[in-house]
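A.B. asks: When you get a sec, could you build the whole thing from the sequences and use the hints?
Take a look at the letters that make up each chain.
Number of protein chains: 2
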Amino acid sequence: MASETVLKGACIIGQSGGPTAVINASAYGAIRAALDADCITKVYGAAHGIKGVLDDKLYIMDEEDPEELKLLLNTPSSELGSCRYKMKDPDVDDTDYRRILEIFRKYDVRYFFYNGGNDSMDTCNKISKYCQKIGYPCRVMGIPKTIDNDLFGTDHCPGYGSAAKYIATSGMEGSKDATVYDTPQITVIEIMGRHAGWLAGAAALASAFGAGPDLVYLPEVDFDMDSFYADVDRVYKANGGKVLIAVSEGIHYADGKFVSEAETSATDGFGHAQLGGLAVRLADLLKQRTGSKVRGIELSLLQRCGAHLASGTDLREAELAGRAAVEAAVSGKTDYMVAFKCIRDAGYQCETELLPLSEVANYEKKVPLEWINETHNGVTQAFIDYALPLIQGAPERPTEQSLPRYAKLKKVLAE
Amino acid sequence: MASETVLKGACIIGQSGGPTAVINASAYGAIRAALDADCITKVYGAAHGIKGVLDDKLYIMDEEDPEELKLLLNTPSSELGSCRYKMKDPDVDDTDYRRILEIFRKYDVRYFFYNGGNDSMDTCNKISKYCQKIGYPCRVMGIPKTIDNDLFGTDHCPGYGSAAKYIATSGMEGSKDATVYDTPQITVIEIMGRHAGWLAGAAALASAFGAGPDLVYLPEVDFDMDSFYADVDRVYKANGGKVLIAVSEGIHYADGKFVSEAETSATDGFGHAQLGGLAVRLADLLKQRTGSKVRGIELSLLQRCGAHLASGTDLREAELAGRAAVEAAVSGKTDYMVAFKCIRDAGYQCETELLPLSEVANYEKKVPLEWINETHNGVTQAFIDYALPLIQGAPERPTEQSLPRYAKLKKVLAE
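Residue numbers (my numbering), protein chains in the order written: chain C, 1 to 415; chain P, 1 to 415.
These are calculated hints, taken from the structure and not from any lab test.
Hints are supplied without guarantee of correctness; some may be wrong.
Stated by the list, open to error - Computed footprint of chain C on chain P; a stretch qualifies when at least three of its residues, placed anywhere within it, have a C-beta under 8 Å from a C-beta of chain C:
hint, stretch
1, 169-178
2, 203-211
3, 396-404
Stated by the list, open to error - Straight-line distance between alpha carbons at most 30 Å, and here's what the computed DSS-like set of lysine-lysine pairs gives:
hint, chain 1, residue 1, chain 2, residue 2
4, P, Lys86, C, Lys287
5, C, Lys237, P, Lys86
6, C, Lys57, P, Lys293
7, C, Lys287, P, Lys88
8, P, Lys257, C, Lys293
9, C, Lys86, C, Lys42
10, P, Lys293, C, Lys366
11, C, Lys410, P, Lys237
12, P, Lys341, P, Lys70
13, C, Lys257, P, Lys287
14, C, Lys106, C, Lys133
15, C, Lys237, P, Lys408
16, P, Lys86, P, Lys365
17, P, Lys8, P, Lys411
18, C, Lys293, P, Lys86
19, P, Lys365, P, Lys333
20, P, Lys57, P, Lys86
21, C, Lys408, P, Lys237
22, P, Lys411, C, Lys237
23, P, Lys293, C, Lys408
To be verified - Among chain C residues calculated to face chain P with C-beta under 7 Å, some are:
hint, residue
24, Pro19
25, His48
26, Ser77
27, Ser82
28, Ser170
29, Val180
30, His308
This one's a predicted model, so the numbers in the text were calculated from it and none came from an experiment.
Ideal Cβ placement from N, Cα and C applies to all residues, glycine included.
C.D. replies: Quick look at the structure:
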């Protein structure tokens, strides 16, 4: 799928799905490379991803001050705006695709870069295939992004390393705090990851370096409440009543039901409806069981937008992924997602490669079962060895009055 | 209350109350100064504050490696252990006091330093007065500490600046994340502070620097649900459904009842018992009202132990407070708490002074009402001017594999 001919035209860069600490670094890498590419005549940022294309709401990136643009490296969340928009099968309903092509033609768009996770790669793949089918020359590239780290075919995903670092650091600090009294305290930390346990597993990095959770539960294996109680009882006895637990929001029973959603059974002690998250629910169950003081902590949004704790490695690789997408497209490639190929044996090394979009869209990569310990309440050293290089390095972060200084873009709309 | 005579003997340093990001910096300041003082023959750290004295559980600080000890500057929470122990009135029951004196005599303790908040200053005051009454020469000094910032007589308290910086930074990042879609989202962030709104007010620092909550509610003024709804409706309409709200955990109705504890009334739409915190409760009410997507986020323990975001100013002052307590005692002072006297007019300057313990114990300092805006949903510029200098500076933080490197103390027990 390579073409040697020079394709001249405008490009659109869009951000999609849940924000991360470094998705704007990928945007910066792509925007900067596109602005510098001779064959790219104009660089547009789509407002709220593909919705901005459908709504004809494109920001002219050429109008931005280069220094402010560079501050995207310091700015968490998706500065162009994001969306969660599921594209229909074009064979069933091609309305959106015809509209996208109309906009592409209006602005002479010949390059389309889409930065996101699984659903976004699906969008990207569908648009790519549609352009091919219609015979509209447009080079389409996916740029990976997800704190969930569950994109198929890539060693890891931009956004994961920074979220993992936030979780590990918060785990260390939380562990120090939760063990400060000489009285029992059970603390449950709830971590994102509906289907894959990469993020929850990162809490174990804290334990590996001296202060972290005693127990970690991932959604790759079935959760069993009796085993959980037995685990907690054991740590409770051994540690003078101090237990720190990390759970993935996606833990589920053997029947597939999420623990966060399941009705509390009669044996759990109370039957009324509960609000609040999984951490609070589990903490309450443990309070009834032990009488101990408990705390349920949900890391919530903060774990995915904690740019002040961004991993230098993650930030660098996120920018690289954006730049690599543009460079590949300019060189004639299309219909690919940028992926990472890494070695860890003799020091960590990471380079980009290209994977066909159709191969990555809609597949989920989970934590290998052999990286989860036998008792299903922690991860193995192989997991630590995998994740540790990804959280390394602390980039310089521009500040103003000791608070983060974010990019202030003009966001001039194209007409 | 000054004595010119040199008092020779051992000292005890204890930590008490809720942990902070910098309470160990005060411990370090005091321990280091005590180790260096000729008249102090031995330096003991009490395990879990006054409980360690009562239990005869004292760590010999002289045995610690100086470099590890210095890492206390990098270590959040109370490394010696903390307690929440209310001392009885010695005129009613002097059992604890007689035990404390027994331990003081056993180890020839002539200096007692107690680092904590309001309750701890009460403990410190009672022990000081008891020693005086009995005629046991012992110099007793309080070292202030509380993220709540509510100690009387001091411009501010060590621990507050770092917590404020954590809250402001998280507020900025949370704001970026919570506004990323073009669909309505209401986000409620719950911040510590049962009686004083210093911490919740710090969220407004984020707004002052470009990305933060639209509405901030402090416990100094009565909370009114109808006004709250009107505030939210107004922002909701103006901002396309995006509203970020910061609330102090201590907000209460006019009758004094905490909003977090009050039964949900019939007009609120549902009447069943609720678990989970205030943020989740308010978010749920707003979900019913608007139909919008909502998020309730409780910053929980992480706001008080976020050492990776410690304010350089706070860290320096915390160490200074510990050192100043020892230096004052060595010079003959007793029965005081170290306090801060600051000027902000021509640049920020801060120096220590001494306040009689009896003047500070059991008083609470709240946010002045004139620093809360007229509509009771935010703070004024005077609050920003007060708090901003306290979050300045980012100290060098030793790391190991890009994770915090905490002090590893030997904690050799005295016998």
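A.B. asks: Each of the hints needs a verdict: does it hold here or not?
C.D. replies: Do the hints match the structure? See the list:
Using a Cβ-Cβ cut-off of 8 Å, 8 residues of the stretch 169-178 of chain P lie near chain C, which meets the minimum of three, so the contact claim holds. Chain C is given as covering the stretch 203-211 of chain P, and this holds because 5 residues of the stretch bring a CB closer than 8 Å to a CB of that chain, at least three being needed. Remark: the stretch 396-404 of chain P is confirmed as covered by chain C, as 6 of its residues place a Cβ nearer than 8 Å to a Cβ of that chain, reaching the required three. For the suggested pair P:Lys86 and C:Lys287, the alpha carbons sit about 24 Å apart, so the restraint of at most 30 Å is met.
Between the alpha carbons of C:Lys237 and P:Lys86 the distance comes to roughly 27 Å, so the proposed pair stays at or under 30 Å and holds. For the proposed pair C:Lys57 and P:Lys293, the alpha carbon gap of about 24 Å is at most 30 Å, so the pair holds. A C-alpha spacing of about 29 Å is found between C:Lys287 and P:Lys88, which places the hinted pair at or below 30 Å, so the restraint holds. Distance hint between P:Lys257 and C:Lys293 is fulfilled; the C-alpha atoms sit about 23 Å from each other, no more than 30 Å.
Between the alpha carbons of C:Lys86 and C:Lys42 the distance comes to roughly 27 Å, so the proposed pair stays at or under 30 Å and holds. Restraint check: the Cα-Cα separation between P:Lys293 and C:Lys366 comes to about 28 Å, which is no more than 30 Å; the hinted pair holds. Taking the CA atoms of C:Lys410 and P:Lys237, the gap is near 23 Å; set against the 30 Å cutoff, the hint holds. Straight-line distance between C-alpha atoms of P:Lys341 and P:Lys70 comes to about 26 Å, which keeps the hinted pair within the 30 Å bound.
Note on C:Lys257 and P:Lys287: the hinted pairing holds, with a Cα-Cα distance of about 25 Å set against a maximum of 30 Å. Pair hint C:Lys106 plus C:Lys133 holds up; C-alpha atoms about 19 Å apart against a cutoff of 30 Å. The straight-line distance between the Cα atoms of C:Lys237 and P:Lys408 is roughly 24 Å, inside the 30 Å bound, and the hint therefore holds. Under the criterion of a C-alpha separation no larger than 30 Å, the hint pairing P:Lys86 with P:Lys365 is consistent with the structure, at around 20 Å.
Restraint check: the Cα-Cα separation between P:Lys8 and P:Lys411 comes to about 24 Å, which is no more than 30 Å; the hinted pair holds. Proximity of C:Lys293 to P:Lys86 is assessed by CA-CA distance (about 18 Å); at most 30 Å being required, the pair is judged to hold. A distance of roughly 25 Å separates the Cα atoms of P:Lys365 and P:Lys333; the hinted pair therefore holds under the 30 Å criterion. For a cut-off of 30 Å, the pair hint linking P:Lys57 to P:Lys86 stands: about 18 Å separates their Cα positions.
Distance hint between C:Lys408 and P:Lys237 is fulfilled; the C-alpha atoms sit about 24 Å from each other, no more than 30 Å. Between P:Lys411 and C:Lys237 the CA atoms are separated by roughly 22 Å; this keeps the pair inside 30 Å, and the hint holds. Between P:Lys293 and C:Lys408 the CA atoms are separated by roughly 26 Å; this keeps the pair inside 30 Å, and the hint holds. Hint status for C:Pro19: holds, given a least beta-carbon distance of 5 Å to chain P, under 7 Å.
The criterion of a C-beta within 7 Å of any C-beta in chain P is met by C:His48, whose closest approach is roughly 5 Å, and the hint holds. A hinted interface residue such as C:Ser77 counts as satisfied when its beta carbon comes closer than 7 Å to some beta carbon of chain P; here the least separation is about 4 Å, so the hint holds. Interface restraint check for C:Ser82: the shortest CB-CB distance to chain P comes to about 5 Å, inside 7 Å, so the restraint holds. At its closest, the beta carbon of C:Ser170 sits 6 Å from a beta carbon of chain P; the interface hint therefore holds under the 7 Å criterion.
For C:Val180, the interface hint holds, since its Cβ comes within 7 Å of a Cβ in chain P; the closest pair sits about 5 Å apart. Interface restraint check for C:His308: the shortest CB-CB distance to chain P comes to about 5 Å, inside 7 Å, so the restraint holds.
Going down the numbered hints, you'll see the structure goes against none, and every one checks out.
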